[in-house]
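Keeping the supplied structure of chain A fixed, place chains B, C and D upon it in accordance with the hints.
Each protein sequence line maps, in turn, to chains A, B, C and D.
For any residue, its number in the numbering used here is found by taking its place in the first sequence, counting from 1, and adding 28.
For any residue, its number in the numbering used here is found by taking its place in the second sequence, counting from 1, and adding 28.
For any residue, its number in the numbering used here is found by taking its place in the third sequence, counting from 1, and adding 28.
For any residue, its number in the numbering used here is found by taking its place in the fourth sequence, counting from 1, and adding 28.
Take these hints with a grain of salt, some might be off.
Identical copies carry no separate label here, and so any pair may be met within one copy or between two of them.
Below 25 Å or equal to it, Euclidean Cα-Cα: the simulated SDA-like pairs (lysine to any residue) are [unchecked claim]:
no.: 1; residue 1: 66; residue 2: 254
no.: 2; residue 1: 66; residue 2: 215
no.: 3; residue 1: 84; residue 2: 151
no.: 4; residue 1: 115; residue 2: 96
no.: 5; residue 1: 252; residue 2: 331
no.: 6; residue 1: 31; residue 2: 218
no.: 7; residue 1: 152; residue 2: 71
no.: 8; residue 1: 31; residue 2: 198
no.: 9; residue 1: 167; residue 2: 248
no.: 10; residue 1: 167; residue 2: 52
no.: 11; residue 1: 279; residue 2: 234
If you are wondering where the hints come from, they were derived from the structure by calculation, not from laboratory data.
Residue strings, one per chain:
Number of protein chains: 4
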Amino acid sequence: MLKVSIYGASGYTGQELLRLLIRHSRVDITSITSRKYKGIPLSDVFPVFKELTAIKFMDASPEEVIPLCDVVFLALPHGEAMAVAPKFLNAGKKVIDLGADFRFRDVDTYERWYGGHASPEFIKKAVYGLPELHRDSLKGADFVANPGCYPTGAILGLAPLIQHECIDNSSIVVDSKSGVSGAGRELQIGSLFCEVNEGFKAYKVGVHRHTPEIEQELSFLAKKDIKISFTPHLVPVNRGILSTMYGKSRKNLTTPEIVHIYEDFYRDEPFVRIQESGVFPNISSVRGSNYCDIGITVDDRTGRVVVVSVIDNLVKGAAGQAIQNMNLMCGLPENLGLDVVSIFP
Amino acid sequence: MLKVSIYGASGYTGQELLRLLIRHSRVDITSITSRKYKGIPLSDVFPVFKELTAIKFMDASPEEVIPLCDVVFLALPHGEAMAVAPKFLNAGKKVIDLGADFRFRDVDTYERWYGGHASPEFIKKAVYGLPELHRDSLKGADFVANPGCYPTGAILGLAPLIQHECIDNSSIVVDSKSGVSGAGRELQIGSLFCEVNEGFKAYKVGVHRHTPEIEQELSFLAKKDIKISFTPHLVPVNRGILSTMYGKSRKNLTTPEIVHIYEDFYRDEPFVRIQESGVFPNISSVRGSNYCDIGITVDDRTGRVVVVSVIDNLVKGAAGQAIQNMNLMCGLPENLGLDVVSIFP
Amino acid sequence: MLKVSIYGASGYTGQELLRLLIRHSRVDITSITSRKYKGIPLSDVFPVFKELTAIKFMDASPEEVIPLCDVVFLALPHGEAMAVAPKFLNAGKKVIDLGADFRFRDVDTYERWYGGHASPEFIKKAVYGLPELHRDSLKGADFVANPGCYPTGAILGLAPLIQHECIDNSSIVVDSKSGVSGAGRELQIGSLFCEVNEGFKAYKVGVHRHTPEIEQELSFLAKKDIKISFTPHLVPVNRGILSTMYGKSRKNLTTPEIVHIYEDFYRDEPFVRIQESGVFPNISSVRGSNYCDIGITVDDRTGRVVVVSVIDNLVKGAAGQAIQNMNLMCGLPENLGLDVVSIFP
Amino acid sequence: MLKVSIYGASGYTGQELLRLLIRHSRVDITSITSRKYKGIPLSDVFPVFKELTAIKFMDASPEEVIPLCDVVFLALPHGEAMAVAPKFLNAGKKVIDLGADFRFRDVDTYERWYGGHASPEFIKKAVYGLPELHRDSLKGADFVANPGCYPTGAILGLAPLIQHECIDNSSIVVDSKSGVSGAGRELQIGSLFCEVNEGFKAYKVGVHRHTPEIEQELSFLAKKDIKISFTPHLVPVNRGILSTMYGKSRKNLTTPEIVHIYEDFYRDEPFVRIQESGVFPNISSVRGSNYCDIGITVDDRTGRVVVVSVIDNLVKGAAGQAIQNMNLMCGLPENLGLDVVSIFP
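Looking at chain A on its own, in the form it has when it is part of the complex (with noise of 0.2 Å):
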């Protein structure tokens, strides 16, 4: 059995990674941490654990948490697992990290958008954890930075059109609609159920900071930059992200003809299930599930590629993601702990 320990898992993330590790038959979880919550029982947070687990919050160091686990999971707010990481990685630990500390391979572009980086010598460690572009270096990996929701959801939609070269990539559109768990439990006003309940918006629009995460993997598949226009939303549902893509079509290429493609890129995949010609996906068929998926076609008035790609956030787009990674660096079966079929309605 694994020594799983979650750093920081009073969030909405840390209890999807707990929800779906409780039931991961090669693990087991030896410690959850939290500052808020110490000493407090798991399940009187978060109800749905009653009588499955007696474990506690502990609010502990790095130090503390290293003798308790051979892996670690870094649920922390954006910044704080920079400080973290390294000390799992130095005790030779296996570290999946949820932020956006270690997703970029060039520094500068980290710290143009989120600012200062303190341990930027680990950036070069970490591997992007998407398997469907970066398995190879997954398996076995000791360090892993696990991708953004957002990303997730544009990258796998749009890695085969970038791969094949179908599209103008100059003219690449993302526009994003996302559940509010992807705002996480923190306390504000704009979270607040009167707030978002019966309401819709864009936020963030053309500055938010899943956009040059988006465009360094498209870029590193298209081998030259690639920037794209961003536009995230908000959905008054708890879970789930839809995003729509866009891009001028440069190959003439009949719908079709772009689903194989799209068949061919993600044959062998897991979580990856592309639908049929005229078929679009909505996020309620992936809820609970650690799917991606994925409807195309081709505007032929208007010579334009439409994508359309639905996740969870919080299972392909977070914590189920990160189990998948899991189970990669650690040379178990990809899909352990994650054939959870999606709830519906």
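Just chains B, C and D now, kept in the frame of chain A:
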């Protein structure tokens, strides 16, 4: 492996059975029927099943389904199972009926609330499928009438009080609130999103057909006739039933004493969780799982005991309990396939 | 034109007062106060007011507001109005307090449920602002304690039964369900979208502070002490309260007879609508309006009368009723500014 | 007083017309028609109207309605108005058609997207009812084709950019999100609460019939043909459309410069509100009102202008705009009956 058929699988209950059974380690789903979706793959009707199964809906008579199964779940509109169940039973199959046709020991009660019964001779053969009250009869049974959703939550919430004669049996009020999936997938104005969303209403006040079902089981426990006031309401959520129950205290017990009675009554139950004094459950704590969570308080000012129970109407209130019954009928561990953690948020 | 100030205008009640008063033909809104939003235009905090008014929040003492107004609405947290109201009253202003500080005729009751009272001598000066029960006292009054949201729906729902001695007063159960705006705009985990959405829960079972307020008014009608069981619940909608009320029938009246009693009791009321026998109201039928809709039935099987009332908690449950009171206090037509059609869907 | 009839009044658009017209100081509603609800009081179908009107639905031919009205609103399924409108027009009545039948200046475009047209000779008589673009033609007009909901938000959002040639007209992407009332009150699986709630999807990607309507008006402004990519999505809310629009900048204008262009373009418009730089609107700010709120930014990194517009699809997107048109056609103040403050929360 058990060969399992679902007869009438195109509603929300049918698909919830499929969500759970598809991950049940001792079950093969051999056929699913639907007149409406004949020949159509399950995953076209419910996209959550995409790439998980290639099974298609059949429009098949009981005679055609009999050779395909050891166990059959009937998820039919009320009144249709009474013609179908006897055929499966006579062929030696185990039958779990999720409708109301065989829930009443007394044909007269059935006919007063539902209308004429076509197979009254089979009523006595059916065991009422609430394991917490009838486990011994369910073990190895051939024919189970799965309880209604409201009755499950209400009976589990009141049983210890009735059993221990803690309340005046003529004083019971059951005020229940259900999510919308309880209304099924039929087309009706009242189930449209815009009619339900941002709304809340009572319906069938004093005349809902689940009333006599609750009364039957409470009377069984009390060994005398009990009548209750029952008011169902519609909550704009997908899943969940919360029942708030009131009864005049007979014994001057304190809240901790009554909580203790509940803990005792449900001590070894795998799917009932009693809350500490002063804690009341939320339907979101049982979403997707087979749990019934119960909170209790004594209101000293008025001398009333107030009990709040929650279930997921599609799981403990339908498909999950049906599988729990199947496990008991077939000698499998009772919680097989049901060790699902609730999904939150 | 009446000069009107809103003291404490940054919550949902404050903005609802503004929504209605801005279209009131006899009112000039001369000042709105908020410590938090001092100097900020109202339309920056609540964008619905963009281009409708240039008014800004002031952080002003009562002394500074006094010269600006004829009438002041106090929309303050409980406990704050007791220091503020006397100053306005002593300066000869008309005061409508939307909090609980002056709702109780009996200081002891207030102090038992809320804690110490700083201005007990002003309690007797306040009229309880439920026009359907106290219209004559409200006409021309200087000081009104606007009822709580739950009490408004519960009292209106039960008053005719109490008045006509139709039920056993010791048998009353009030099971209420409120939308989330009732919790206000304060930051708390329990008000976050993801905590509330797709959930439903009871809270403060048997101990909610609106209990004695309901009891006070029912006892006033009965001319003897009444105690009730009261359970509030949280519904995932923005607005609306539905109360389901139960009492043992004393007189063997039929449903049509009781409906007739209600129609009679509320014959000339502009804001109470009695449903026909067998029809029960939905909160969505009163959204945004000042109506209280009431449905009634007699459950012959159990001898209980069941009443369902609905209001919009922000309108008839707060701001709308406050304006109705202002109209009465100032000799204006009672429904001025309140002839709003409910918004559906 | 204007005598007004609503022909086809049983859907959400019909009832929204009634909500607004019932408070319009210059209108008498003389008849409302519905085949389905013939003889039934309006308030039985839509309880919000209880005690506000005794009007009943008639099942009446145009010939029967003609003597009852000066103005008729047609709120019929697409394709039905083309047989009805000419009768009212020939009888000298003013007609506002809320469907698509007469929105296109070019019959061929209509027939390509909708099918055959029965009254093509009347197409030229209709004015496209977007006051912000066609006010002069609407004043005193007899026949108005009220715009579609998506086109209203999209055209208002893009018009200043097109007019001032700020963007490359071949680069336009319109990504729209609509509340569920846009789908009407018809019974369909996809409109059921459980199918929509907690879901989000794109539909009719690239093939929605509102596309040519948006293109017609943008082309009119540009004086040359414009084609756009248009993707509608379904948001789980009752009301509201938010459109996010993208175009390649042609002029290197800054955000404040473009905001200034918008302020100028809409300077005297009573129902368009331009947000300051960096502020983007939420559909909840226009709920129930006739406003269109617009936010704009320039994304310097990609050289794209991004515009976000919001409307209430039932008000500015249907009934409110129809009344605005009626006011213009009949020489009344343009905002009569439309000075409603948005309702929040």
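Residue 279 and residue 234: within-copy, between-copy, both or neither at 25 Å Cα: Answer is between: at 18 Å across copies they meet the 25 Å cutoff, but 28 Å inside does not.
From the Cα coordinates, with 25 Å as the cut-off, is the pair residue 167 and residue 52 best called within, between, both, or neither? This pair counts as within: shortest intra-copy Cα distance 19 Å, inter-copy 30 Å.
Within a copy, between copies, both or neither: where do residue 66 and residue 215 come within 25 Å Cα-Cα? Both: 19 Å inside a copy, 22 Å across copies.
Have a look at residue 66 and residue 254 and pick one of within, between, both or neither, based on CA distance no larger than 25 Å. neither (45 Å within a copy, 45 Å between copies)
Treating 25 Å as the Cα threshold, decide for residue 152 and residue 71: within, between, both or neither. Neither, since 38 Å and 42 Å both go past 25 Å.
Alpha-carbon proximity between residue 31 and residue 218, which holds within one copy, between copies, both or neither at 25 Å: Classified as neither; 38 Å inside a copy, 33 Å across copies.
For residue 115 vs residue 96, is the C-alpha pair at or below 25 Å within one copy, between two copies, both, or neither? Only inside one copy: residue 115 and residue 96 sit 14 Å apart there, 58 Å across copies, limit 25 Å.
Within, between, both or neither, where residue 252 and residue 331 count as close if Cα-Cα is 25 Å or less: both (23 Å within a copy, 19 Å between copies)
When no copy is named, should residue 31 and residue 198 be tagged within, between, both, or neither for a Cα gap of at most 25 Å? neither (46 Å within a copy, 55 Å between copies)
For the identical chains here, do residue 167 and residue 248 meet the 25 Å Cα criterion within one copy, between copies, both, or neither? Close inside one copy (19 Å), not across copies (58 Å); limit 25 Å.
First find the shortest C-alpha distance between residue 84 and residue 151 inside one copy, then the shortest across copies, and answer within, between, both or neither for a cut-off of 25 Å. neither (32 Å within a copy, 49 Å between copies)
Violated hints for the displayed structure, listed by number in ascending order: 1, 3, 6, 7, 8.
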